[in-house]
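Please construct the entire structure, taking both the sequences and the accompanying hints into account.
Below are the chains, spelled out letter by letter.
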Amino acid sequence: MTTTTTGPAAASPSPEAPVRDRADVRRQVRLVITFGLVLAALVVFALLIEDPKFTYLLGEKRTAEFTPKDANATVISWGAVVVAAIALVLAVLDRFPRGWKGALLGILVGLAFYAGFLMWAYTDQGEGGFQAFIANPIPGTIRIATPLVLGALAGCLCERAGVINIAIEAQFLSGAFFASVFSSIAYSSLVFIPVALCAVFGLLGGVLAGVLIAAMLGWFALRYRVNQVVLGVVLVAFATGLTSFLLGQIPSDHKETLNDPQVLEKIEIPVLADIPVVGDALFNQTLLVYLMYASVALVTFLLFQTRWGLRVRAVGEHPKAADTVGIQVNRVRWQAVLLGGVFAGLGGAYYTVGSTGAFDREVSAGTGFIALAAVIMGRWHPVGATFAAVFFGFMWNLQNQLSFVQPVPGELLGAAPYLATIIAVAGFVGRVRPPAADGEPYVKG
Amino acid sequence: MKLEIKGLTKRFGSFTANDHIDLTVEPGEIHCLLGENGAGKSTLMNMLYGLLEPTEGEIVVDGEPVTFTTPGEAIEAGIGMVHQHFMLVPVFTVAENVMLGREQTRRGVLDRKAASRLVRDLSDRYGLKVDPDALVEDLPVGVQQRVEILKALANDAKVLILDEPTAVLTPQEIDELMAIMRGLKEQGTSIIFITHKLREVKAIGDRISVIRRGKVVGTAQPSASEAELAELMVGRSVQLTVDKAPATGGAAVLEARGISVVDPRGHLVVKDVSFEARAGEVLGIAGVQGNGQTELIKSLLGLVRPDAGQVWIEGRDISRHGPRESLEEGIGYVPEDRSHDGFVGSFSVRENLVLDLFRNEEFSRGPVLKRDAIEANARHRIEEFDIRTETMETPVASLSGGNQQKVVVAREFSRPLKVLIASQPTRGVDVGSIEFIHKRIIAERDRGTAVIIVSTELDEIYALSDRIAVMYDGRIVGTVDPSIPREEIGLMMAGATTPAAANGGAA
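Residue numbers (the numbering used here), protein chains in the order written: chain A, 1 to 445; chain B, 1001 to 1507.
Derived by calculation from the structure, the hints in this document are not laboratory data.
Beta carbons are placed, not taken as given, at the ideal position from N, Cα and C, and that holds for glycine.
Every clue listed holds true.
Chain A side only, calculated, beta carbon under 7 angstroms to chain B, not exhaustive:
(1) Glu317
(2) His318
(3) Ala321
(4) Thr324
(5) Val325
(6) Gly326
Written as structure tokens, this is what we have:
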């Protein structure tokens, strides 16, 4: 590690003495430590492999189309070691690139670690018994990431406007519950709605519930200037209690009419769905997943290319400046919070009509908070937040898949997604600057 | 456009900020509003701009009475305002800031090109040079102010309110601003120019209204003398200069060598700064706001660790000290933002007077405070520093700016000091308190303390300093004698190194 400082005795030749930012030095130290650990782990993984045979599958499950194939781990393991070694050398020499090149290289090291780890985990499973194989991670990732992305978009909208939204989890829960109820009612009681559209009607219920929670957030945060962090936590408690209570109120003989929803059908997009490995996972999906793709583009466009978006970002950064040019700060904040409710409600609907069906207590299991983390890790940018959410989904899915494999202890696996988050945030995200007026109520005058 | 204010009154609870103010602004006139901090100038302008609603009275535009409940309505009526604290979104570009609130779109998409064109047109027409695509946070303050003016002009402002516009500018930038103001006046724009600086009022005003304690106390012609204007403003005759004997100029007490500081955004804001402060001498650090003074002072005190360089007090290296250790070394510190760093607003005067002293044996035994001693101290300081407070239990936040500053100064002066560092010691302080604080600083100097004054007000620098170091862009561009003319220091504040710099240099 090189540090350049000018001592008092050393006469500096030019006025622009080469002073290194301490944060810059810290970044280098962080990179060196991260890559050092990654390299050490990869070498250990590679050395531990005795029999380099492993089995993989291009699909998620064994079907007629997808059958397991055998491959050799040696090249992949040592290839991963080489990638990590190159990154480490670059970091030690302080030549690790910045900007998108750095991000790309970082992702590459991450993939190398993933590959090296998988090789270790899936080789040497011993003879006989159940043989686990490496399955395609993309379908599972999309499954987990869909609600996370939608929730993170809601978070981006709110926080860009200067309202902290801890209540994404509350929006998920109520969205999930009312999506189920709406879909069930549509199927059992509202005969004029075609069966195929019952699940879509459920989405509407989810959206309404998400907007309702958003309205409560707006009402207390904007009208009464309640502390937004406390408010968010209270709203989560409220939604948890309310949905559990309402679920308990459904008599068992009315279950079909109130909590037995039609779920969304998969829609295959021709051509795109035929792309090998990724096509089926990405383009043979439900309407909600396609809505999620569109929402990312829509929110990005709204925030950065429209008049409304400019105003939203202005009230989140410097509300007084917006006020002095005639923008009604709280009105814009209301709009952003309510629109966020739409996306978060859709995200919640995924847990019932988008996937398994009936609502169950705390069906979203705290993922609203993970969506919040994705907002921050994605630096309050919808695209960044989407990548972060997909990353979380990926880690979660990995944890699920690895639970079938012998050598990895289960407790460590449970912590893996969080651990990966901390490493990613600390090692690669760097300085994060939230919207300047985030969480601050605006008072005129 | 003719703007009349008739009997405008604003009360906050029992406090009357503006009391039946009458004012007329003729078309194409530069009307100066002169008054001390807290006299009620900003309240009046905020009512004109729709940010505050008047309790009584009316605003008349071209004979028509109007009411503004939002700034939008004021803008609509042709009133533009350049705020003292800029109303610009730092992460937006110049064009985005100018178009905010009046955005043009093409098929729903922001028309950024049209906005850039508008900025370029306006800046050509009025001679305000700005790059429309630059991020505002990267621009120097002088340019940010131009953006503010452009914003108002883009809304076709007929009356432009400039609230303390010169506080953040170099003398050269002030000259440029005045040229811009004259240009606007020629094109028929009326200007309301708010300031407390007598020199500027005389230089540019067509008519002067003086406000004191929320009332218009008189009008004057720009030909009036500075002393007359000052008397109108303060309400009694004031001494504009500080009496002081020549400095004794002892040994160097505090030495800084090669200080460099990188700010949290990664910019090098203090660049290889070296200087020394000598016993019994006032070193004035002049410079426009934001040229590294804040960070330099914080690094002397250990509030930020310098990224390079060293600080010594009487030969001991204190560069790695934290603030507490630095204070114990005998540094007295009057911070530039007193409400943020100088006192705890909700604490009483009594408590604030021992904020950095309570560890002394005099005021505490183990974990227990000695209440009697602290009360005695408060009584003593309140009298000595003439702090105008109802009781010693009054929270400091409810005192006037001048008295708040006296609390800070009194506390810092109640320890034996080797070095006194005072940043903007009289910012937002009434003229009476300025006189007092200046006298105390000179008295401290005469006791043999090395004094460092950081100020953006050249008047203050001249009044106090025995040597003047000028900072520009994170460097000390020169150290000069206070006998050099204002214009030369002005040039140095804009980055020029003068021959004088070599003569009176820091070595």
